[in-house]
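Q: Single-letter residue listing:
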Amino acid sequence: MLKMTHLSKVYRTEVVETYALRDFNIDVKEGEFVAVTGPSGSGKTTFLTIAGLLETFTGGEYLLDGTDVSGLNDNARSKIRNEKIGFIFQAFNLIPDLNVHDNVEVPLRYRGMKAAERKQRIMDALERVGLASRAKHYPAELSGGQQQRVAIARALAGSPRLLLADEPTGNLDTQMARSVLELLEDIHREGATIVMVTHDPELAARAQRNVHIIDGQEVDLAEEPRFHADPSAAGSMA
Amino acid sequence: MNIRPIFSSLRKHRIPTTLIVLEIALACAVLCNAVFMIGQRIGDIRLPNAIDQAGISVVTVQGTDPDHARDVIARNLATLRAIPGVQAVALMNTVPLSQNGWNTGFTTDPATKGFDDKYVNVAEYLITSGGDKALGLHLFRGRFFHADEYAAGTLGTSFMPTGHAAVITRSFAARMWPGHSALGKVLYMGDTYSYTVVGIVDNVLRPNRNGGDARSFSHSVFLPVAPVESAMNDYIVRSAPVDRDRVLRASIDKLSKLEPAAVVKGRTFSDIRNAYFADTRSMAWMLVLVCAVMIAVTAFGIVGLSSFWVGQRRRQIGIRRAVGATRGHILRYFQTENFLISSLGVALGMILAYGANLYLMQHYEMARMPWYFLPIGALTLWLIGQFSVLGPALRASNVPPVVATRSV
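One line per chain: the protein sequences are P and C, in this order. Here our numbering = 1-based position in the first sequence + 99. Here our numbering = 1-based position in the second sequence + 154.
Where hints are given, some of them may not hold.
Said to hold, decoys possible - Dumping the calculated SDA-like pairs for lysine to any residue here, alpha-carbon to alpha-carbon at most 20 Å:
{"no.": "1", "chain 1": "P", "residue 1": "LYS213", "chain 2": "C", "residue 2": "ARG158"}
{"no.": "2", "chain 1": "C", "residue 1": "LYS166", "chain 2": "P", "residue 2": "ARG233"}
{"no.": "3", "chain 1": "P", "residue 1": "LYS178", "chain 2": "C", "residue 2": "GLY482"}
Unchecked claim - According to the in silico footprint, chain P covers these stretches of chain C (three or more CB under 8 Å from chain P):
{"no.": "4", "segment": "159–168"}
{"no.": "5", "segment": "466–474"}
{"no.": "6", "segment": "545–557"}
Please keep in mind that the hints were generated in silico from the structure rather than gathered at the bench. What you are looking at is a predicted structure, and each value in this text was computed from that prediction instead of being measured. Yeah, the Cβ is synthetic: ideal placement off N, Cα and C, and Gly gets one too.
All chains, please: the whole structure from these sequences, using the hints.
A: Below, the structure written as structure tokens:
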């Protein structure tokens with residue numbers, strides 16, 4: 100489903116080159132629930148933005164659902180994001196001017212879907228996350244957990260092949276975090292492929308498999324116990 | 155088209171949306187009326203005037219001794235005719251657009267007593283022999299005056315000539331006898347004066363508008379008089395346009411030497427016309443300036459608000475891009491949003507424009523604005539809106555999707 104080989108991402112200024120990802124490799128199979136962990140600045144978010152085609156990469160190869168995405172233009176990348184990827188962000192990233200229904204509808208409109216199908220998918224997604232009764236509410240009228248559920252409904256409504264979650268419980272209290280995580284587990288059990296970036300060990304433990312990133316590279320913690328002991332000593336990557 | 159969510163979003167920003175809608179509405183109302191007024195003024199400036207405007211000079215002699223007017227006028231006419239390049243010369247009481255109005259009223263009914271609604275106000279041009287050639291009048295029907303008709307014309311105390319022939323303009327003929335030929339018909343002024351129409355000429359403007367509309371601006375009557383009246387002091391000197399300025403200088407010079415005690419002034423007809431329409435031209439330019447300012451203020455208002463919204467919604471744009479919006483989607487979003495705002499503005503603006511026109515009609519004698527000014531105004535505002543929003547919308551479309559993952 101998601102395969103990166105020798106992938107690198109370099110941020111260049113006039114005086115310095117900074118590697119956010121270096122010779123990075125990952126292979127996520129269809130239906131897997133993978134947690135990507137690492138300390139702050141290790142390159143987790145960079146990995147997620149590249150995986151979600153929000154950013155381009157500098158070198159290496161990235162196959163998404165069997166498609167080499169390196170040569171795709173902006174429109175093609177937008178189409179893949181819209182049809183194959185669902186995003187769940189730490190800050191929910193709902194559009195404050197739109198109500199719950201319209202927020203969930205946003206990606207479906209960009210797909211050019213007919214109104215009747217959109218309506219059906221929106222209601223299905225909202226029922227799936229338990230917020231069908233809040234369709235007319237605005238994000239500001241919802242709790243953090245409810246907002247994240249709306250974001251999950253938005254991600255699910257388009258029936259994506261891949262769900263990318265960036266610290267999905269990072270802005271939630273423990274109880275809300277637990278319910279959101281249970282929802283993600285339910286979604287995974289129904290067959291979705293989920294890649295979740297987190298620095299929360301408890302959250303990572305709920306995934307099928309963990310991938311650790313340190314200094315922009317995938318690391319096997321069993322072979323690198325020093326990182327396990329003191330994650331804060333693991334470089335200063337942006 | 156994402157109209158409903160855009161409306162939903164605009165409802166969340168009522169104050170700036172309302173302000174820009176009002177700005178567009180005001181611009182629409184002002185533009186429609188201002189452009190209409192500019193059109194009217196340009197129409198005035200370009201009003202046809204069927205005389206040789208490029209070849210005529212007017213030399214005005216004031217201070218001629220009335221007791222010797224006959225001799226002085228004859229001498230002056232002969233002197234002017236002798237200037238090389240002069241094609242024709244005549245004496246008139248006034249000339250078109252000179253602001254020196256000689257107005258009278260005529261009726262077709264000899265039984266009409268006093269000046270009432272049956273009288274039609276008209277400019278009275280008294281001309282001496284050769285006046286048709288000096289002015290370069292275009293005969294449409296009938297004939298110009300015979301020599302005996304000129305000789306029979308002298309002015310009484312009412313400044314109406316004693317002759318009985320008249321040449322009138324087409325607009326005046328149509329006004330007096332609509333649908334019928336004016337030739338042979340008689341114009342009456344009370345039971346004292348009557349003039350038979352012997353010729354009809356293409357429209358010649360009056361000395362001034364005299365409060366009438368564009369059509370009545372060409373209501374003129376030419377009456378023949380003998381060259382004996384000191385009340386007539388405008389010498390019409392016609393030459394080829396290339397000779398005009400030289401002929402005018404020579405005319406002023408020679409008449410000044412002949413009559414040192416008189417005040418002799420001269421102007422080309424082009425100068426007279428330019429002077430007459432100077433205020434009209436200034437008003438037209440001022441209205442153009444008003445239009446330009448309104449367009450600029452509206453455009454900058456839209457650019458400013460759109461730029462502010464793009465900056466304010468940068469993260470929102472990133473989110474939209476992240477969930478699949480292409481650059482084209484973002485561009486169209488802002489264009490559609492502007493179109494909706496502009497549509498509200500022009501809908502209100504057309505009502506305002508119509509109301510403003512009614513007000514101006516009632517209080518400032520403005521004509522009714524044709525209906526098509528409203529959709530043209532609306533289309534203009536839509537185009538201004540789309541043009542103005544293009545820059546901010548393009549900037550918005552260049553917001554990268556990765557912005558969605560950033561906290562600021």
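Q: It remains to establish, for every hint, whether it holds in the given structure.
A: Verification of the hints:
no., hint, result
1, LYS213/P - ARG158/C, "15 Å, holds"
2, LYS166/C - ARG233/P, "18 Å, holds"
3, LYS178/P - GLY482/C, "12 Å, holds"
4, 159–168, "holds (count 5)"
5, 466–474, "holds (count 4)"
6, 545–557, "holds (count 3)"
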